[in-house]
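Trainee: Listed below are the residues making up each chain.
Number of protein chains: 4
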Amino acid sequence: MINVRIWNENIHDKEERIKAHYPQGIHGALAGIFSDCENVRVTVGLLDDEDQGLSEEALADTDVLIWWGHHAHDKVTDENVSRVIRHIHGGMGFIPLHSAHHSKVFRALCGTSCNLRWRHGDRERLWVCDPHHMIARGLPDHFEIPAEEMYGEPFDIPSPDETVFIGWFSGGEAFRSGVTFHRGGRIFYFQPGHEEYPVYLNENIRKVIRNAVYWAAPCEREHRCIECINAAAPEGEKA
Amino acid sequence: MINVRIWNENIHDKEERIKAHYPQGIHGALAGIFSDCENVRVTVGLLDDEDQGLSEEALADTDVLIWWGHHAHDKVTDENVSRVIRHIHGGMGFIPLHSAHHSKVFRALCGTSCNLRWRHGDRERLWVCDPHHMIARGLPDHFEIPAEEMYGEPFDIPSPDETVFIGWFSGGEAFRSGVTFHRGGRIFYFQPGHEEYPVYLNENIRKVIRNAVYWAAPCEREHRCIECINAAAPEGEKA
Amino acid sequence: MINVRIWNENIHDKEERIKAHYPQGIHGALAGIFSDCENVRVTVGLLDDEDQGLSEEALADTDVLIWWGHHAHDKVTDENVSRVIRHIHGGMGFIPLHSAHHSKVFRALCGTSCNLRWRHGDRERLWVCDPHHMIARGLPDHFEIPAEEMYGEPFDIPSPDETVFIGWFSGGEAFRSGVTFHRGGRIFYFQPGHEEYPVYLNENIRKVIRNAVYWAAPCEREHRCIECINAAAPEGEKA
Amino acid sequence: MINVRIWNENIHDKEERIKAHYPQGIHGALAGIFSDCENVRVTVGLLDDEDQGLSEEALADTDVLIWWGHHAHDKVTDENVSRVIRHIHGGMGFIPLHSAHHSKVFRALCGTSCNLRWRHGDRERLWVCDPHHMIARGLPDHFEIPAEEMYGEPFDIPSPDETVFIGWFSGGEAFRSGVTFHRGGRIFYFQPGHEEYPVYLNENIRKVIRNAVYWAAPCEREHRCIECINAAAPEGEKA
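Protein sequence lines, in the order shown, are assigned to chains A, B, C and D. Position 30 of the first sequence, counted from 1, bears residue number 30 in the numbering used here, the numbering being contiguous throughout. Position 129 of the second sequence, counted from 1, bears residue number 129 in the numbering used here, the numbering being contiguous throughout. Position 20 of the third sequence, counted from 1, bears residue number 20 in the numbering used here, the numbering being contiguous throughout. Position 73 of the fourth sequence, counted from 1, bears residue number 73 in the numbering used here, the numbering being contiguous throughout.
Among the hints, a few may not be true.
Examples of chain C residues toward chain B, derived with CB under 10 Å [to be verified]:
1) Cys-110
2) Glu-173
3) Phe-181
Hints in this document: simulated from the structure, not taken from any laboratory. All of these numbers come straight from a predicted model, not from anything done at the bench. Each residue gets a CB set at the ideal place from its N, CA and C atoms; glycine is no exception.
The whole structure should be built from the sequences, with the hints applied where relevant.
Mentor: Shown next as structure tokens:
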């Protein structure tokens, strides 16, 4: 059983134009991805929830945390950000989506600004760079997102462990749209998902996020950080 | 002083339509990049030269080898390929251009097929992904190649050390157009340069290749491979 | 079900001193690692088998290939080496053990010499560098191999994707003893296993190899290489 | 001309036992490394200086920042830490030494805890893993530090871009002692340098630090961060 927690700031979701395609919010659309996965259990955390939806209890019981945020990055308290990061360091998977490139958590894990170019109103084609990657399982060699915000290079991130997708935009830009890192837990940043368009209803996008959850799930239930230890020499050795 | 050797199969170069923009061949156009670099000395090796232009003497005196090949990859003898690879393992820089993605040397260094999608007759825009990289020095954030062959993902290479450029093609594809590896020596694969178009006369392209030579130059003159050594324990230790 | 194929040159295995600890050969000891894994099916291929144990049929039915070789690297035919590499490029996992650092297959995948320092008769302690890695699951933070051949740096490999283990040797050397790469399929090189000592009977070593098989298993049954394709522009685009 | 700034918390340096080998402080010993480098200009910043030695003016004029800290990591203000990081993102090189693995700056750049095992009173042997790396120039294949604090794996860092050195400790541990990253500017973490021993007077250690400065120096004088830009489509394109 994989415990997936979907965190959403849930702000745009209250606008009528967003409700038109996401009647249950972005988190509702994302939760639906796993409705037929018998071995996945989904919980939801929202910015307005107690502890901002990021309590110790909730995170300790999470294998993979999906994150959607945009307008309220700064509202997430530093205490909660530190707690999320500690659990990722301990092995929890993390999947920041779209504008979560600027979330405090992702920036802190990258150690860079995560800045990029952007423009509303474009069309994207995602190319699979690594067809053998578990996250690309079952996808065609490329697929389209008819309406999407443009994100373009330079994308200020460390050299990714793996570049799974590159996005082509009709307006003339390209972007490393799906990249992996690890910081204890496994991290997959995935660019698509501007709130104004029903991106998370796209079957290929849903497949990517589902695959990513299986890929990011840790092999141990309990999150354990690497400690700083004043260690005796191993038995039988002397310094 | 950096000794640059430009190797070219020199086949297309004999056609009139290629001579129209490269009257001295592709190697001539590439050599011209360094005409005002006081600390660079250029030599040229061609497939038809003695030892296919890849003699021990020539390579021992080369700091960075630039490689252009397309139709005659298989004509380069395995002995010469092995010699080139040995010098790269020993520290020599290597800059395979365009269709050299399929050269025996580059494929052997990658350990992958280096396959990709391709199509004649497109237009490319190169985006700088890593503006602090020495190879991107002095470039604008993006620049155009009005006519270029399309190379598209998936590009079957190992995860590059660094992705310096991503190419956007008007026909709808994107590509990791400038990527680095090291295998003893430093390697920069750079995608632009289809022979039918005067790509190597483009000022930005020339700047990239010039920068890449400075980046790939080894710090030692002599190429020295890592050996397999049956080694005694360091002094004072006993196993 | 994961199909594991264990390939062994099976030469040392015929000596009495080796039979003393490996009565069924190195391949027999390795096969025993999976005896209680219900979802793993093991087959064995030996150098003396028909097609050197590396037929198209056998490889097409293999998810993960474990490889032990030492004296007979050059006896494996280039045709068979190419076939193995093609299957790895197509997604098959590959686990070269100990002296397989010098196997034709591993060297070709690395694109480097894979040279190193070595010395008989040492004692090793393996340190886990990445305790969250699937390959390190269930291991203590370090463990001992009382008798092992020393392998020391410099190890002439590309920068690994991940360094899972570092080995410490009593004679004074250190080594990147467990490293991952991917070349289509996932690759885990693991240093322990000199034939003169019963290393593959060590419970921690067996755990590493078992974990590595689960880690390296591809998500698709069929091996599919990335092809070179002259591709039309995606529908709706024009170059 | 390369402008090197040596930053030191300058606390241990005031103890008699430290003054015995570092009469001008750790910063003084480090500054001496460059005394015969005509193209290097050294400045020093100390925790007790105005702006903690990290003013905008000082950093804007720095190409490579060397950092030694241990007891006072938390005393460096967040404002100053942010300023240092901004300059590194803009291209400034950064060389954190020894216990600076736990400096706020290095941890923030890594996005991990940078925790490790440690023990006073050991002996280290550094092995060169990448003899072609500019940082390893002119070194023997290994060298000794007769007295050094042990730092051992697991070292909680992201997969380094390059592993230049691995350290072997007489007490039984091993460590990735010299590793590179880039976050805009180039970063080299180097483990040796416990204050109780005259490590920075060791000729090989001094060579490493000198080499690292040349390696980390940016190609542009001015530090420029990647910005977040709401960008119009490139000329001639329409989204």
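Trainee: Measuring from the C-beta of Glu-173 of chain C to each C-beta in chain B, is the shortest one below 10 Å?
Mentor: 8 Å, holds
Trainee: Are Phe-181 of chain C and chain B close enough, Cβ to Cβ, to be under 10 Å, as the hint says?
Mentor: 7 Å, holds
Trainee: Identify whether the interface hint at Cys-110 of chain C stands, where standing means a beta carbon of chain B within less than 10 Å of its own.
Mentor: At about 6 Å, which falls below the 10 Å cut-off, the nearest Cβ of chain B leaves the hint on Cys-110 of chain C intact, so it holds.
When each numbered hint is compared with the structure, no violation occurs for any of them.
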